[in-house]
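> The listed protein sequences derive, respectively, from chains B and A.
Using the numbering used here, read the first sequence as starting at 1 and increasing by one per residue.
Using the numbering used here, read the second sequence as starting at 1001 and increasing by one per residue.
Hints should not be assumed to be uniformly reliable.
As the list claims (entries may be wrong) - Partial list, derived from the structure: chain A residues whose beta carbon lies under 10 Å from chain B:
(1) PHE1004
(2) ARG1005
(3) GLY1030
(4) GLU1032
(5) PHE1044
(6) ALA1046
(7) SER1116
Stated by the list, open to error - Label-pair restraints from in silico Cβ distances:
(8) A:GLY1085 - B:VAL44: 31 to 39 Å
(9) A:GLU1124 - B:ASP42: 19 to 27 Å
(10) B:TYR34 - A:GLU1124: 29 to 37 Å
Keep in mind the hints are simulated off the structure, nothing from the lab.
Being a predicted model, the structure only gives us computed values, none of them experimental.
Every residue, glycine too, gets a C-beta built ideally from N, C-alpha and C.
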Amino acid sequence: MLLAYKLAFASPRVRAAGIESSAFPALADRMEVYAVPRIVVDGVPQWDGAVPERVFVDRVLTPSFE
Amino acid sequence: MAIFRPEDEARVRELFAELERPVELLVAHGPEQMPQHGARDIDFGAETERVVRELAELSPSVSVRVEEEPDGFERYPAVAVLPDGQDVGVRYYGLPWGYELGSLIGAVLEAGRAASSLSPETIERLAALERDVAIDVFVTPT
Chain B
1 MLLAYKLAFA SPRVRAAGIE SSAFPALADR MEVYAVPRIV VDGVPQWDGA
51 VPERVFVDRV LTPSFE
Chain A
1001 MAIFRPEDEA RVRELFAELE RPVELLVAHG PEQMPQHGAR DIDFGAETER
1051 VVRELAELSP SVSVRVEEEP DGFERYPAVA VLPDGQDVGV RYYGLPWGYE
1101 LGSLIGAVLE AGRAASSLSP ETIERLAALE RDVAIDVFVT PT
């Protein structure tokens, strides 16, 4: 989550939200959150799990798989 | 109940002493969703505000503002981390508890830095970004 926040602090083009799944179960269901962290870009689930900065940036800036 | 053990509190104070600019934490209250079974006894909004206020007490550079349904929030409770009082689109939705309290502390530290801690390569790629990107990271508090 911190990486997403860092990107938002560094770019006016990026916004980042951490969402605590148990407080928003309906939304978490809709995003099919079964494992965390689940990363969703522009409303589309992308992947689960922590990855290094370079990989995170690659995936977030060029979302290509669902 | 205090949110930090004394040794953790001392550590966070130390980290916050290095903030290079003020950071404001905006707590947004509003209508909350029905929480998961078993979590219904927790007042998420009140707890969130309590945690954030305790966090802000650890540094004169960290301040708190509380608002009812401010613009720019999709759900409640929420915390926005504002470097120098500016909303740059950083939100935490829900109660920042357990591991996620660490994420919030990390966000305050990054917001308080004069320069990003990201790599020069990442900064370069962000500068070349020509569209808006919204990242949501779903977590659980444990």
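> Look at each hint and say if it fits the structure.
Cross-check of the supplied hints:
no. : hint                            : in the structure
1   : PHE1004                         : violated (19 Å)
2   : ARG1005                         : violated (22 Å)
3   : GLY1030                         : violated (12 Å)
4   : GLU1032                         : holds (7 Å)
5   : PHE1044                         : holds (6 Å)
6   : ALA1046                         : violated (13 Å)
7   : SER1116                         : holds (4 Å)
8   : A:GLY1085 - B:VAL44: 31 to 39 Å : holds (32 Å)
9   : A:GLU1124 - B:ASP42: 19 to 27 Å : holds (22 Å)
10  : B:TYR34 - A:GLU1124: 29 to 37 Å : holds (35 Å)
Checked against the numbered hints listed earlier, the structure breaks hints 1, 2, 3, 6; every other hint is satisfied.
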